[in-house]
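With the sequences and hints as input, model every part of the structure.
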Amino acid sequence: MRDTTAPAAAVAADRRRQGSLRAVHVIALLVVIAFCIFPFYWMVATSLKEQAVALASPPVWLFEPTLENYTTALGKSGVARSLLNSLVIAVSTTVLALVLGTPAAFAIARFEFPGKKELWFWFITNRMVSPIVLALPFFLLARTLGILDTHLALVLTYITFNLPIVVWICSDHFRSLPKDLDEAARLEGASAWRIFFSICLPLAAPGIAVSAIFSFIFSWNELLYALVLTRNEAKTAPVAATGFMSGYELPWGQIMATGTLIVLPVIIFALIASRQLVRGLTMGAVK
Amino acid sequence: MAYRKELGVAFAALATALLAGGGASAWTLEEAAKPYAGTEINVVFLDRPGYRAAIKMLPDFEKKTGIKVKYDIVPYENSRERQVLDFTAKGDLDIALVDLVWMGEFAESGWIVPMDTFLKDPKLADPNFDKPDLFPLLLEAFGSWNGVAYGVPFDNYSGLLFYNRCMLDKAGFKEPPKTWTELKDVFGPKLTSGDQQAFALQSRRGETQSADSFMRVLWPFGGSLLDDKFRSNLMSQESQAGLQFRQDLMKYMPQGIVDYDHAEAVNALAQGKVAMITEWSAFYGTLVDPASSKIIDCLEVAPEPAGPAGRKPALGGFSLAVTSQASDKEKAAAWLFIQWVTAKENAKTYVENGGVSGRQSVYKDPQIAAKYKFVKPMVESWQAGVPHFRPRFPEWPEISEVIGEWGTKIMLGTASLQEGSKEIGQRMESVLERAGYYKPGAKLLQ
Amino acid sequence: MYSRREKRLALLGFLGPAVLTLLAIGIYPLLFAFWNSLHRFILPRVPREGTPWVGIDNYVAVLTDPSFQQSLGRTFSFLLTVLPIQIVLGLGIALLLHQPGASLLRVLTRLSLVVPMATTYAVVGLIGRLLFNGDFGVVNWFLGLFGIAGVNWLAHPTFAFAAVAAMDVWQWSPFCALVFLAGLTMVPVEVEEAAQLETTRWTAILRHVQLPFLIPGLTAILILRTADILKMFDSVFTMTRGGPGAATELISVYIQRIGFRVFDQGMASAQAVIILVLTIILSRLYIRVIYREIEQ
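If you read the sequences in order, they're chains A, B and C.
So the first sequence is numbered by this note's numbering: it starts at 1 and just counts up by one.
So the second sequence is numbered by this note's numbering: it starts at 1 and just counts up by one.
So the third sequence is numbered by this note's numbering: it starts at 1 and just counts up by one.
Note that these hints are calculated values from the structure, not bench results.
Treat the hints with care, since some could be wrong.
[Said to hold, decoys possible] For each label pair, taking beta carbons as the anchor points, the in silico distance ranges come out as:
1. C:Ala194 with A:Pro178: 32 to 40 Å
2. C:Ile56 with A:Ala184: 37 to 45 Å
3. C:Asp65 with A:Lys116: 33 to 41 Å
4. B:Asp116 with A:Ile268: 55 to 63 Å
5. C:Ala24 with B:Ile368: 54 to 62 Å
6. C:Ala24 with A:Thr66: 30 to 38 Å
7. A:Phe121 with C:Gly13: 21 to 29 Å
8. B:Lys376 with C:Thr64: 49 to 57 Å
9. A:Thr66 with C:Ala162: 31 to 39 Å
10. B:Met235 with A:Ile268: 57 to 65 Å
11. C:Thr64 with B:Pro122: 38 to 46 Å
[As the list claims (entries may be wrong)] In silico contact screen, one side only, chain B against chain A (beta carbon under 10 Å); selected entries:
12. Asp72
13. Glu207
14. His262
15. Ser293
16. Gly413
17. Thr414
In this text, a Cβ means the ideal position worked out from N, Cα and C, and glycines have one as well.
Here you go:
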């Protein structure tokens, strides 16, 4: 497309400029990766160090890695189980939030009705409440219902802040799908539910994937409610990780080992869904 | 033959007599626990050596009694919250883990049962329980409120001076400092140079600031938090002298001392960065563990230095008490466990597993004293002390927060000593006012 | 397109379950908290004192409490510190990722963006404590490479605030980047190419072509981050516990102190209700101001 009559020197200069631009691009990307990964790397490295090495000054870069922290952490009652609990809770919450949230999002995107904006905002508001003061009501409620220390108690609690996210992200996605699709299907006699299930839902996959990832991450990492609502049976991984904080010692290695174990599943989950990650986060960029 | 037969009869008679006569005193745990086999009791534990030691002993107890002990390990920060929520909602905790500063709250709220209820029950009380064998100071401070004993001291701590003998040797000191003033004026300058400091006093915001740092300098200098009318005593000459001492001592402490928690202070000593720390006895284990310490051969332990008002070492610890909300069956099972885990006969096992027992007898065992350097100074520290080193009334957690905030401000110099002490005093008095301590006839217990 | 009856049925079916669930689970605790805020409700004292009605006393006490005002002010300075940095960094990263070329590296970058977001908040605070430690922290070591003397980050009011902010920037800039990147990918390719023929200044393209597609994401970021910072607790608590002094005592740390240390649930609920109202007002403001901008 460029002007082919340009002198050779200019072309060369242009090429050099392009080359250095590309170098800048590559370097900048590397810096971003380093920025994101470094604290994580430090966590993993610390999880492989003995306490004295972890706290040595100046910081130690090369060391003999030990898996002892992992064996101690996993050997402690409950860490392995807490990871399983977290998995069950995060997956159930995510599934439930999607099952409840996607139809609601579809309705908000596709139907006009009075108070729609207010309803949407009410959904979002549920995410804004500080868990610190809701913990006690939730605790008393769970106790009355006899569901304290069960997965169900946490799943229900987590729904309150994950459903808003699902509704928000997915309604944006449904809105971005061309309305002609619906209308064409209507002409062929499809019901609203059919349109939702067989046409719009598959097309909104990126939005659903993203809201699933966020819902999973938020439930997976939640600590305050989990501390109040669980004991032994339903204890989640973040509770187990902070359980090492006895108030006196800080076994850095074990905490970081547990921290690493907690992050890994999310990263794997995110890797699987990473292609959708970007396409899904438009937050209503389509008008 | 007849002779033999006679002897046999005599033996049989003797045996019967012994069995019958001893029936009342031949109390065994197995026998006592029979009605409670299969009972499940719940308790909150921390991830600390004393609890790990008890967990190691659990299978033995469960095998003997058929009682199942379910423990839930929580972060220290959440342990009070967890229990208070459980008690107010009539939950399922059968044993309360009582930090000495929660004693007033738990007892006043009627959440825990006095131990005499069980000690008077011949079916439950182990005749060998030997209450006087418990250190009186610990039973008073960790287990009792208003003269009534509730909890049995379980996880016990005393403040001790841990020091690096090699560094002291090098600076020409044969003995650790005997007084705080000596520590500052004689040891301070000689042990501080370049990267190395003489002393570290963990002072991070939180219970560390209030209990380990702030209160630690009040008592030895004759100061205190409250006077006998429960008004602030922080402006008294003695209190101010103690707090001023801490400001002066900071010269010989690492720069970032207001961010030092226990872990940082212990690590500073373990890495050879500071020469002395005053820390809880429980850290002995960390300091002699090659995975975390570089100074194992140089480590020595002594009682905390004394001040003008004498030696007033920091005191901390937890007791176990039976909760009121438990059913009668659970109460009995819970008591049997508490009694067993703190028993004289099990104290040695508990100590060898890493716990610190509150039994005087176990430390008379020469083997124990020889094996653990902290035993001698700790026993010495527990001979006398201030049971209310930190006030144990229900308002302490709130006051502790105030001290945590303003105590670090004083150390940083963002508030002057006078200003900060006044601020703490005012806020503390308004907390106590609200709690009704200044009404005529109010009982002043701490 | 739908008949009235069909529409009504569909709305009921689509919205009903979500609305009912939120009502059932969400409303009760909220009402309970609101009820608490109108009563004297000090948990350990409830057995002895009950929960007497105090009207708006708790609200009056909260609004005149200097500590509350200070920590609220501190929270807003925190918000004003981290949010611009996160938006600028996020936008920069998004533009880098939107730029063609180096495709493998771009995929890797996109993946690495997930890592900070996925790290448990309480663990983030602990990592921060390791990185910013004055003695053995790696941040001081890095500064040392450039001949800058280390700082006792967490023991100094201003630096501690900066360190907590830095960890928040680390954790949430990637989120902003992903949101902006999603916005950028929505720009129709033809429009962008046409613009590139007209001007080579990327700022001009950003302003006139890409910005409209970024605005919704920006609004979302503002709403979510504001709400999250007003709720932010785990990481600050594990990193500094609000100290030294009160340098990093954000509003949630203060509410937790009242609600779970003092156990004054009445007062804490009043604080939380005030914060909730504040969040709602701010969110409405964001939506109104920013959306109006693009409609002009």
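Here is what the structure says about each hint:
1. C:Ala194 with A:Pro178: 32 to 40 Å: The hinted range 32 to 40 Å is violated for Ala194 (chain C) and Pro178 (chain A), with Cβ atoms some 22 Å apart.
2. C:Ile56 with A:Ala184: 37 to 45 Å: Because 57 Å falls outside the window, the suggested range is violated.
3. C:Asp65 with A:Lys116: 33 to 41 Å: holds, 39 Å
4. B:Asp116 with A:Ile268: 55 to 63 Å: holds, 57 Å
5. C:Ala24 with B:Ile368: 54 to 62 Å: holds, 59 Å
6. C:Ala24 with A:Thr66: 30 to 38 Å: violated, 49 Å
7. A:Phe121 with C:Gly13: 21 to 29 Å: With Cβ atoms ~22 Å apart, the hint holds.
8. B:Lys376 with C:Thr64: 49 to 57 Å: 54 Å Cβ-Cβ, so the 49 to 57 Å window holds.
9. A:Thr66 with C:Ala162: 31 to 39 Å: holds, 34 Å
10. B:Met235 with A:Ile268: 57 to 65 Å: At 60 Å between Cβs, range holds.
11. C:Thr64 with B:Pro122: 38 to 46 Å: Since the Cβ atoms of Thr64 (chain C) and Pro122 (chain B) sit about 59 Å apart, the hinted range of 38 to 46 Å is violated.
12. Asp72: Since chain A brings a Cβ to about 5 Å from Asp72 (chain B), closer than 10 Å, the hint holds.
13. Glu207: holds, 7 Å
14. His262: holds, 5 Å
15. Ser293: holds, 7 Å
16. Gly413: violated, 25 Å
17. Thr414: This interface hint is violated because 26 Å lies over the 10 Å limit.
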